[in-house]
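*Asks:* The listed protein sequences derive, respectively, from chains Z and Y.
The first sequence begins at 1 in our numbering and counts up by one.
The second sequence begins at 1 in our numbering and counts up by one.
In case anyone wonders, no lab produced these hints; they're calculated from the structure.
Treat the hints with caution; some may be incorrect.
Same chains, same names: a pair is fine if it fits in one copy or spans any two.
[Said to hold, decoys possible] Only pairs whose alpha carbons sit at most 20 Å apart, straight line, appear in this in silico SDA-like list of lysine to any residue:
id: 1; residue 1: Lys49; residue 2: Ser23
id: 2; residue 1: Lys49; residue 2: Arg21
id: 3; residue 1: Lys365; residue 2: Arg265
id: 4; residue 1: Lys391; residue 2: Ala402
id: 5; residue 1: Lys147; residue 2: Gly124
id: 6; residue 1: Lys365; residue 2: Ala256
2 protein chains.
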Amino acid sequence: MSRQDCERADRDDPLAGFRSRFSLPEGVIYLDGNSLGALPVATAERIAKTVSDEWGQALIRAWNSHDWVNQPGRVGDKLARLLGAAAGEIIVADSTSLNLFKLLSALLTRPLNADRNVILSERGNFPTDLYIAQGLNHLLGGRFELKLVEGDPSDALDRSIAVAIITQVDYRSGRLLDMAALNARAREVGASIIWDLSHSGGAVPVQLGEDGAEYAVGCGYKYLNGGPGAPAFLYVRSDRQASTRQPLTGWFGHAAPFDFATDYRPAAGIDQMLVGTPSVLASTALECGVDLMLQADMSVLRAKSVALTERFIQLVGSRCAGHGFELASPREYSQRGSQVSFRHEHAWPIMQALIERGVIGDFRKPDYVRFGFAPLYVRHVDVWDAVESLKNIMDSGAWREARFQKLNAVT
Amino acid sequence: MSRQDCERADRDDPLAGFRSRFSLPEGVIYLDGNSLGALPVATAERIAKTVSDEWGQALIRAWNSHDWVNQPGRVGDKLARLLGAAAGEIIVADSTSLNLFKLLSALLTRPLNADRNVILSERGNFPTDLYIAQGLNHLLGGRFELKLVEGDPSDALDRSIAVAIITQVDYRSGRLLDMAALNARAREVGASIIWDLSHSGGAVPVQLGEDGAEYAVGCGYKYLNGGPGAPAFLYVRSDRQASTRQPLTGWFGHAAPFDFATDYRPAAGIDQMLVGTPSVLASTALECGVDLMLQADMSVLRAKSVALTERFIQLVGSRCAGHGFELASPREYSQRGSQVSFRHEHAWPIMQALIERGVIGDFRKPDYVRFGFAPLYVRHVDVWDAVESLKNIMDSGAWREARFQKLNAVT
Chain Z
1 MSRQDCERAD
11 RDDPLAGFRS
21 RFSLPEGVIY
31 LDGNSLGALP
41 VATAERIAKT
51 VSDEWGQALI
61 RAWNSHDWVN
71 QPGRVGDKLA
81 RLLGAAAGEI
91 IVADSTSLNL
101 FKLLSALLTR
111 PLNADRNVIL
121 SERGNFPTDL
131 YIAQGLNHLL
141 GGRFELKLVE
151 GDPSDALDRS
161 IAVAIITQVD
171 YRSGRLLDMA
181 ALNARAREVG
191 ASIIWDLSHS
201 GGAVPVQLGE
211 DGAEYAVGCG
221 YKYLNGGPGA
231 PAFLYVRSDR
241 QASTRQPLTG
251 WFGHAAPFDF
261 ATDYRPAAGI
271 DQMLVGTPSV
281 LASTALECGV
291 DLMLQADMSV
301 LRAKSVALTE
311 RFIQLVGSRC
321 AGHGFELASP
331 REYSQRGSQV
341 SFRHEHAWPI
351 MQALIERGVI
361 GDFRKPDYVR
371 FGFAPLYVRH
381 VDVWDAVESL
391 KNIMDSGAWR
401 EARFQKLNAV
411 T
Chain Y
1 MSRQDCERAD
11 RDDPLAGFRS
21 RFSLPEGVIY
31 LDGNSLGALP
41 VATAERIAKT
51 VSDEWGQALI
61 RAWNSHDWVN
71 QPGRVGDKLA
81 RLLGAAAGEI
91 IVADSTSLNL
101 FKLLSALLTR
111 PLNADRNVIL
121 SERGNFPTDL
131 YIAQGLNHLL
141 GGRFELKLVE
151 GDPSDALDRS
161 IAVAIITQVD
171 YRSGRLLDMA
181 ALNARAREVG
191 ASIIWDLSHS
201 GGAVPVQLGE
211 DGAEYAVGCG
221 YKYLNGGPGA
231 PAFLYVRSDR
241 QASTRQPLTG
251 WFGHAAPFDF
261 ATDYRPAAGI
271 DQMLVGTPSV
281 LASTALECGV
291 DLMLQADMSV
301 LRAKSVALTE
311 RFIQLVGSRC
321 AGHGFELASP
331 REYSQRGSQV
341 SFRHEHAWPI
351 MQALIERGVI
361 GDFRKPDYVR
371 FGFAPLYVRH
381 VDVWDAVESL
391 KNIMDSGAWR
401 EARFQKLNAV
411 T
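Bound-form chain Z, shown alone:
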């Protein structure tokens, strides 16, 4: 495999035209779109318009004249197209953590058999999911046991499970779980699964309806390119909405918020998952990211994602052989999302050295270097060049001189 092969693959890439739809910095190979997605060109213009024309000129009237009031559901419906859900099943709101709290509390406060008292998750799950379960369980008097398993949680899905919080693509390893199989298993034992799609949406094909998912949350600022701290999303299958009542009962989730009634009455559909007044600027940026993503064919995107991650794994294996990198992601592409991680005892300075050279991935404790491949803007030559940088850093020992940087990258 040569750089010329990569150039050829880029010429043949049906998604090649998407790269110019992003504002990418010069001299940077950005392999961290799984942490913060890149800026779509259209977003800057759209945000400026929302600020100056909608907020500035229409002022309060924009809630109606520019339909701000329906934005959470409108963007949710667009996400539903992306994620294989129906209109009215997804809404954009708050953060992933808060959306998980809403669903988890709704599910744990339903009538449950006394012996169905376990919240299941994975020890390696993204910590905020575990923290939310801990905080809620404490608030509920510690009635539940939080059971954390290693690896595929399928075997642990039994009749003791009230709710399983399962992340489809692991944030550290990129491991991809079989959603349909896990949902089938959950149905057998009467457990509910809340899927965390933070590293799936826009990265791998997701078919919530077809694969039998009932509940999900996910992040807007990764592959969806919704901007830093973008609103998150929340999915409840339509037949579960009437029985799913969340306790963060703010006025935007009211059946008639503008009646200013004294008593809370939940909205009938997915709107009940709203709480306070949503940020229009943040939601607008997310909408731009989703609009762009919807123009790509998801199966084409997946094919490119697989090609990029395969190429990366092969090249690190051949070009950086003997330098001590141990693949931490599944070798089998069907079990992998759009990211690849390696373990290395010097992972931290190695990643710092890469970043100094304009190859941006990230470090995850204790010893992971992690690389995300967002197929809309990462090229095959980027893979080649990133691996060459890595090879140079390792061959020369330059990683030993990497400057210390504050460890505050936001996944």
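Got chain Z; can you put chain Y on it based on the hints?
*Replies:* Chain Y alone, transformed into the frame defined by chain Z:
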């Protein structure tokens, strides 16, 4: 009183220079800054820079290089200067509803005597505050009684009260409560007050520390001019922070979020009130609004606010006499925030007719017309012209032809 008097007052206005710092539409008198504050000129430029330079160019590195990671506390510290709190006592996060949930649940899950089982609020409080109390109480098994009183809640503050949720400036009438007196009363009976400052911050002088407040929440998109759905704020007095633990335990509230530890450990200070990844775009707009507000002297701002509301009340009384407007705000200025409401049986079409003529206030059920006077950009002549519009609509009966508009104004 004549329009010339108003022009003279504008020439003598020490805050007159602030108006040009806002992008206001031509031909509009905006008396709804209590609902959605106007756009500061600096905000549009700052947001464009954040989008294009920070997100677009620095990408994930901006969490450190542009200090996104400390933004919630940084903006909180600025608000602390505005609201008479100390640095480290206020943080910017989520929505007012969610911040109230955090504080209320923290306070209700402390050890409490069995006979201290009442959540006190006002029947006329902004509904989301009541809804949040209802949702939380339901989640806690209905252990508390939500007691709603009419008018000043001081008399109802007794030893049965666990927590009182008190809004300093009423959203509908503009009534301003005496924070120091209520806090003193609460101390006597051992109750905690959570202040809702949504209609106070930037509208009236607030001295949280001096007036003995322990807990507060408030809105960023009204007088603080933080943009539609701006992040809200949350205040916990420093000596109460160690004992105030909220249950929405997301990773941004962790003592060491980037350790990715399995177990939640709350941050020591006000940071524990963070949940998920904050929206940088939304927080940046709020920061611009707060920066601008901090350049005004709050006592000068209050003096102008009083002058504007006094003038409005007097002019409606004299110019619209006999048209059936009944003042719904306190006549005594010391008991009034920066807004004025009247009741009228045809409030709804009257407000529609005003809006059609470019005088933007709003309608509140059942029969209120409400006018906010943001002293940074509302002039004395605006008061005159607004009342003249109102007089014309009433004298001519033009309000009878007001077009129907969807009732979705966001307070």
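*Asks:* Tell me the numbers of any earlier hints that the structure contravenes, in ascending order.
*Replies:* No numbers; nothing is violated.
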